[in-house]
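Knowing the structure of chain Y, use the given hints to seat chain W on it.
From first to last, the protein sequence lines stand for chains Y and W.
Quick note on numbering: the working numbering labels position 159 of the first sequence as 164, and the sequence is numbered without any gaps.
Quick note on numbering: the working numbering labels position 231 of the second sequence as 229, and the sequence is numbered without any gaps.
Quick caveat, the hints were computed from the structure, so don't treat them as lab data.
Honestly, I wouldn't trust all of these hints.
What the hints assert, rightly or not - Pairs of lysine-lysine residues, derived as DSSO-like cross-links and limited to a Cα-Cα distance of at most 30 Å, are as follows: (1) W:LYS134 <-> Y:LYS207; (2) W:LYS239 <-> Y:LYS38; (3) Y:LYS123 <-> Y:LYS154; (4) Y:LYS38 <-> W:LYS8.
Claimed, not checked - Partner residues aside, some chain Y positions facing chain W, computed with beta carbon under 8 Å: (5) ALA203; (6) PHE206; (7) LEU257.
Unchecked claim - Here are some of the chain W residues that sit facing chain Y, going by a computed Cβ distance under 10 Å: (8) LYS38; (9) VAL65; (10) GLY66; (11) ASP70; (12) ARG219.
Just so we're clear, the structure is a prediction, and the values are computed from it rather than from any experiment.
The C-beta atom is built at its ideal place from N, Cα and C for all residues, glycine as well.
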Amino acid sequence: MGLNLEITLGKIKLNSPLILCSGIFGFGNENIKFIDERKIGAIVTKTITYEPWPGNPQPRIYETNYGMINRIGLQNPGVFYFMRNIFPKLRKKYKRVFVSISGRSEKEFVEIIKIVSKKRIDAIELNLSCPNFENEKKMISQSSELTFKIVKSVKNETDIPVIVKLTPNVTEIKEIAISAEEGGADILSLINTIKGLAVDFKKMRVIDGGLSGPSIKPVGLKCVYDVYKVVNIPIIGMGGITCGLDAIEYFLVGASAIGIGSGFYSNPQIIDDIYKTLKNFLRKNKFKSIREMIGLLNEKKENF
Amino acid sequence: MERKICKILKNENLSGNYYFLILENNFKKIFKPGNFIHIKIGNNFLRRPFSIALFDREKIGIIYKVVGKGTDELRKKKKGEFLDILGPCGNFFPIYKNKKVCIIGGGTGIAPLIFLSKVLKKYGNDVYFFYGARDKNLIFFKLLLTGINYIFSTDNGSYGKKGNIFDVFKNFEENFQVIYGAGPEILLKKLSIYSENIPVYISVENYMACGMGLCYGCVIRIRKNNGYEYKRVCKDGPVFKASEIIWD
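With the rest of the complex left out, here is chain Y (with noise of 0.2 Å):
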């Protein structure tokens, strides 16, 4: 009998707790080599705005210790031309699409809402954390108020399940997951990049923006081990992945699903080479789903 590797995010189902994260994929329209769709459970398309925008000027990445610093400004083509012209191949393509929207105000958030709501979209992620966009000088992740205000406008307006993607630059990231649990976030995805510098002193320039890679991994295992105490929410975690052992890692800690980032920039074969490598550690530890080990070195807090 072959193992499966289902799992559930609140009310979705997915064939496989492997998630194409945002912005790493492209919009998802491009045609992806080595990604085999039956291994992966969702795609995340890069954060779609209510305008275009054009991103940010040069530079943009630079390579630093084991990973990347990226300050890519949500280049995109504006909610309009994503849902016309990109959204309905995206929907044939795969089986899960989840839509990464982000906003200058709370207006813009619920704009963009009731657009993407008219089609069948399985999920939507709010980026509330990228650190390349200036939202009065802080990211509404940062913030438990505004966390949980525009959470709340954005349940207001849809029936999709809303997932949350927080920041880990702040304070205490429990108190952002729990006020996005009580604005109503269905699912967190935990985390985005952090904040790093890169100095590049052949071109003498700084590269200011976000750090992903190998190197961010412990930062995200501890946020998702400390929110996993405090909601009741299922997590998907992501930050550091490069090879199956690190995706067990997550779920352990109690991620329910976990996010293919920049590690698929270094390895195309990722995916692959992750579901194997699941399938052959619930195999020798005799789990019979990916369910049996969430949170396995972790527990829930009964009085926060």
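Just chain W now, kept in the frame of chain Y:
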């Protein structure tokens, strides 16, 4: 695009910091001049892009300059070792037939131009190759092909004309029907001047992450109506019409 583990057939110093790497070609796809490969080197997180200098059924060759940690590790790779390669990546130079064409470049920009010159020659073009280098030692004579008109310049005058290759080209009394360029940005900028009258195609470089058009890290500004849009060097390029580019 394919991912292959390729055996190193040769990894030799050309001169100075310049190296010539030949890999066993186990790709199914045919590579075209302008295409690049994306190489994973050791534990470096991101791959490194290199233009193709040589391509046939058995071999794929690149020319690289040691500029940092990645290329320094590449330099130490020995014959018989293996490298993890993505390719072919990016677009390619349009190939004209039976024209009088100019190829101009310097530094590692020479790499795609060597491959290009071979193909242009095959299609009956009269090929003039303007090759600029700092010093005679940095002209890779052994990689040059027969049946092509080479015009050299060196900064110190140790071979060919003394001075900048663009100046040599500018004063050359031939009318070209197409210009192809690669190399230092300053040269490419200057070549743009000619794009009002004839097609000028240039291969540009940038830092890259994915190499397959997904991350939008390597974009450059391309003219659109009265403004610009960001296009990806790895997917929409690396070859662009010089007239399209807005230089920073």
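These are the hints, each one checked on the structure:
1. Between the alpha carbons of W:LYS134 and Y:LYS207 the distance comes to roughly 25 Å, so the proposed pair stays at or under 30 Å and holds.
2. Proposed proximity of W:LYS239 and Y:LYS38 is supported: the alpha carbons are some 27 Å apart, at most 30 Å.
3. Between Y:LYS123 and Y:LYS154 the alpha-carbon distance is near 23 Å, which keeps this suggested pair within the 30 Å criterion.
4. For a cut-off of 30 Å, the pair hint linking Y:LYS38 to W:LYS8 stands: about 29 Å separates their Cα positions.
5. Hint status for Y:ALA203: violated, given a least beta-carbon distance of 11 Å to chain W, over 8 Å.
6. At a threshold of 8 Å, the smallest CB-CB gap from Y:PHE206 to chain W is about 11 Å, leaving the interface hint violated.
7. Among the interface hints, the one on Y:LEU257 is violated; its C-beta lies about 24 Å from the nearest C-beta in chain W, farther than the 8 Å criterion.
8. With its C-beta approaching chain Y no nearer than about 7 Å, W:LYS38 sits inside the 10 Å limit, and its interface hint holds.
9. The closest approach between the C-beta of W:VAL65 and any C-beta of chain Y is roughly 7 Å, which is under the 10 Å cut-off, so the hint is satisfied.
10. Checking W:GLY66 against chain Y by beta carbon gives a least distance of about 8 Å; that is within 10 Å, so the hint holds.
11. The closest approach between the C-beta of W:ASP70 and any C-beta of chain Y is roughly 14 Å, which is over the 10 Å cut-off, so the hint fails.
12. Restraint check, W:ARG219 versus chain Y: the minimum CB separation of about 8 Å is within 10 Å; hint holds.
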